[in-house]
Amino acid sequence: MKLLITGGFGYLGGCLAQYLATHADEEVVLVSRVAADPPPWLPGADVIQMAWDDAAALQKACVGIDAIVHLAGMNAKDCAADPVAALAFNGVATARLLDASVRQGVRRFIYMSTAHVYANPLLGEISEQGCPLNLHPYATSHRAGEDVVRAAGGKGDIEAAVIRLSNAFGAPAHRDANCWMLLVNDLCRQAVSSRCMVLRTSGLQRRDFVAMADVCAAVRHLLTLPAGLLGDGLYNVGGQSMPVIEMAERIQSRCAAVLNFVPEIDRPASSPVETGAELEYRTDKLRASGFVFGGDMDAEIDATLRMCQGEWGSA
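Position in the sequence shown (first residue = 1) + 600 = my numbering.
Bear in mind the hints are in silico, worked out from the structure with no lab data behind them. Backbone N, C-alpha and C fix where the C-beta goes; we use that ideal spot for every residue, glycine too. Treat the hints with care, since some could be wrong.
Claimed, not checked - The calculated lysine to any residue pairs, modelled on SDA-like cross-linking and capped at a C-alpha distance of 25 Å, are:
(1) Lys602 <-> Asp653
(2) Lys755 <-> Ala645
(3) Lys885 <-> Gly913
(4) Lys602 <-> Met781
(5) Lys885 <-> Lys677
(6) Lys677 <-> Ala744
(7) Lys602 <-> Asp625
(8) Lys755 <-> Lys677
(9) Lys677 <-> Pro732
(10) Lys885 <-> Cys731
(11) Lys677 <-> Asp786
(12) Lys755 <-> Arg633
(13) Lys755 <-> Glu728
(14) Lys660 <-> Asp646
(15) Lys755 <-> Leu830
(16) Lys885 <-> Ser841
(17) Lys602 <-> Val663
(18) Lys660 <-> Ala645
(19) Lys660 <-> Leu642
(20) Lys660 <-> Arg633
(21) Lys677 <-> Ile758
(22) Lys602 <-> Lys660
(23) Lys885 <-> Arg750
(24) Lys677 <-> Leu830
(25) Lys677 <-> Asp625
(26) Lys677 <-> Val663
(27) Lys660 <-> Lys677
(28) Lys602 <-> Ala695
(29) Lys885 <-> Glu849
(30) Lys885 <-> Asp757
Stated by the list, open to error - Simulated restraints on C-beta separations:
(31) Trp912 <-> Lys677: 20 to 30 Å
(32) Ala655 <-> Arg775: 32 to 42 Å
(33) Gly828 <-> Ala751: 15 to 25 Å
(34) Ser871 <-> Lys677: 52 to 62 Å
(35) Leu782 <-> Ala877: 16 to 26 Å
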């Protein structure tokens, strides 16, 4: 299978490309906005330059491609700063790539969306049957991308799947990946660089965390799942819900185990009446399709700590 990964030089794209490249039956093509050589962390990959507003270039990129995993998109901060650009890229550029895919006979198209289309913060029990209510430009622009992909799948133009991803974490393919603002990765870096993890809140709020290994395995599962089992193509991908302070304490424990020191945790005191709202990010649909979660959260934390130690740790 020849796979085109947009956003392949980013955090999720780099991890996914490395994972898929370990399977002998899959050939990986990475997309870059500028001319680039294969990266040192995946020297065997093909790299193509993508002009997102050039229909002919998009079609050329899709020639001979069996499946596309579309990860390229604007992050939440940039979406908030420029909602028009957010819609233009996360929505319109997705529609352009999808159109090129259909025209060139690409078999399957997987679009990476976000759990935050539902709400921010995420609260209560959340399944694919829930109504997306978040009006932040990050969420609404991803909803636009979701809708064009699911519409094409519903019409039978292409086999389509949309992933609503919760908080993925794990060591990136390279240190310059845009991932160090993500909670777990940020705390790992703080633990190594300053031996103290600073939380902006009391840490009682709950988040759903999913190991990067499970994210990559879920994508491959949806790439290889028989078309008749895709259903409506909409899948939550999440992991385990826990309070932020519990995750910080887990990182603290793993740091003691793999780096032989215990970082402090600095956080504001909670009020006597403060409690963490419940959160259950349901993944029943993905499990029902045959996927089995097997990622090891501690192994992901350990790998991230070791990478941080190599990059920012003291000699």
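Practice task
Decide if the proposed pair is consistent with the structure: Lys602 and Val663, CA atoms, cutoff 25 Å inclusive.
Solution key: holds, 10 Å
Exercise for the section: Compare the distance between the alpha carbons of Lys885 and Glu849 with 25 Å, and conclude whether the hinted pair is satisfied. Expected result: Status violated; Cα separation ~31 Å.
Practice task
Decide if the proposed pair is consistent with the structure: Lys602 and Asp625, CA atoms, cutoff 25 Å inclusive.
Solution key: Roughly 9 Å separates the two Cα atoms, so the pair holds.
Problem - Straight-line alpha-carbon gap Lys755 to Lys677, limit 25 Å - result: Violated: Lys755 and Lys677 sit about 34 Å apart, past 25 Å.
Handout entry: Hinted pair Lys660 and Asp646, Cα distance within 25 Å
Key = holds, 14 Å
Exercise for the section: With 15 to 25 Å as the target window, see if Gly828 and Ala751 comply at their CB atoms. Expected result: With Cβ atoms ~19 Å apart, the hint holds.
Problem - Agreement of Lys677 and Ile758 with the hint, judged by alpha carbon distance not exceeding 25 Å - result: violated, 32 Å
Problem - Pair hint outcome, Lys602 versus Met781 [Cα-Cα no greater than 25 Å] - result: Violated, at about 32 Å.
Exercise for the section: With respect to the beta-carbon atoms only, verify the hint that Ser871 and Lys677 lie 52 to 62 Å apart. Expected result: violated, 29 Å
Problem - Hint consistency between Lys602 and Asp653 [alpha-carbon to alpha-carbon, up to 25 Å] - result: holds, 23 Å
Practice task
Look at the Cβ atoms of Leu782 and Ala877 and judge whether their distance stays inside 16 to 26 Å.
Solution key: holds, 21 Å
Handout entry: Holds or violated: Lys660 to Lys677, with C-alpha atoms at most 25 Å apart
Key = The hint is violated at about 32 Å.
Figure legend: structure checked against the earlier numbered hints; hints not met, in rising order: 2, 3, 4, 5, 8, 12, 21, 24, 25, 26, 27, 29 and 34.
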